[in-house]
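A.B. asks: Chain residues, written in single-letter form:
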Amino acid sequence: AQKITQTQPGMFVQEKEAVTLDCTYDTSDQSYGLFWYKQPSSGEMIFLIYQGSYDEQNATEGRYSLNFQKARKSANLVISASQLGDSAMYFCAMREGRANSKLTFGKGITLSVRP
Amino acid sequence: EAEVAQSPRYKITEKSQAVAFWCDPISGHATLYWYRQILGQGPELLVQFQDESVVDDSQLPKDRFSAERLKGVDSTLKIQPAELGDSAMYLCASSSGILTATYNEQFFGPGTRLTVL
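Here the protein sequences line up with chains A and B, keeping their order.
Heads up: the first sequence begins at 8 in our numbering, then just goes up one per residue.
Heads up: the second sequence begins at 19 in our numbering, then just goes up one per residue.
It cannot be assumed that every hint is accurate.
[What the hints assert, rightly or not] Partial list, derived from the structure: chain A residues whose beta carbon lies under 7 Å from chain B: (1) Met52; (2) Phe98; (3) Asn107; (4) Gly113; (5) Gly115.
[Stated by the list, open to error] Derived lysine-lysine pairs resembling BS3-like cross-links, with alpha carbons at most 30 Å apart: (6) Lys114(A) to Lys80(B); (7) Lys114(A) to Lys29(B); (8) Lys114(A) to Lys96(B); (9) Lys10(A) to Lys77(A).
Keep in mind that the hints were calculated from the coordinates and are not lab data.
We put the CB at the ideal spot given by N, CA and C, even for glycine.
Let's have the full structure, built from the sequences with the hints guiding it.
C.D. replies: Shown next, in the form of structure tokens:
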């Protein structure tokens, strides 16, 4: 089974509107972390937000928030007030166990922001 | 702001040739990762170093790929001989390696885009 599932093939959003990017995960570990990265066409991976498995509050970082539903094993990224510069690939990733373990990435979602 | 450096940014080579990629992590970062990202996919780990030691190379095709981090600082990833299927983005990342850190986020370099003809 895939550890990280991102099934939305591509998303479109109007500038200044909010958008939700879906991510479900699969793990038997009790301790894990969930990350979202943004990858513009230039190729670099930009860290956006982190949610720990023991965190009771949903993570927020500026316009980014993570809708963490542990029982459903979902960690959806919400981007509020979309900007043209948000157009990029977005990857959900999971780290299991130790804090320096590898990241397992999903296949990514393409987000296009329309003016 | 500290960054992960990688070179070259782009590399075109013919199959059966040797190629090498270099990565310089953020100063003081003990953990270094090499990921491969095939077009349209998410990155997948090739090899992970803790200081100069290999922690995980289970997905590294060892018949043609090698990686080293001799002094526990910068690292080199080599492919010999290159095959058509090796065309991908090769991403280097580093993290502090502090096991008690909550985030311990990985910082990525700009990547090396390899094309094998």
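A.B. asks: It remains to establish, for every hint, whether it holds in the given structure.
C.D. replies: Against the structure, the hints:
1. Here the hint on Met52(A) is kept, as its CB sits about 4 Å from the closest CB of chain B, short of 7 Å.
2. Here the hint on Phe98(A) is kept, as its CB sits about 5 Å from the closest CB of chain B, short of 7 Å.
3. Residue-level restraint check for Asn107(A) holds (minimum Cβ-Cβ distance to chain B is 5 Å; threshold 7 Å).
4. Interface restraint check for Gly113(A): the shortest CB-CB distance to chain B comes to about 5 Å, inside 7 Å, so the restraint holds.
5. Nearest Cβ of chain B to the Cβ of Gly115(A): about 6 Å, under the 7 Å cut. The hint holds.
6. At most 30 Å may separate the alpha-carbon atoms for a hinted pair to count; Lys114(A) and Lys80(B) meet this at roughly 25 Å.
7. Of the supplied pair hints, the one linking Lys114(A) and Lys29(B) holds, its CA atoms being roughly 24 Å apart against a limit of 30 Å.
8. A threshold of 30 Å between alpha carbons decides the hint, and for Lys114(A) with Lys96(B) the separation of about 25 Å falls inside it, so the pair holds.
9. Distance check on the hinted pair: Lys10(A) and Lys77(A) sit about 14 Å apart at the alpha-carbon level, within 30 Å; holds.
Consistency note: the structure conflicts with none of the earlier hints.
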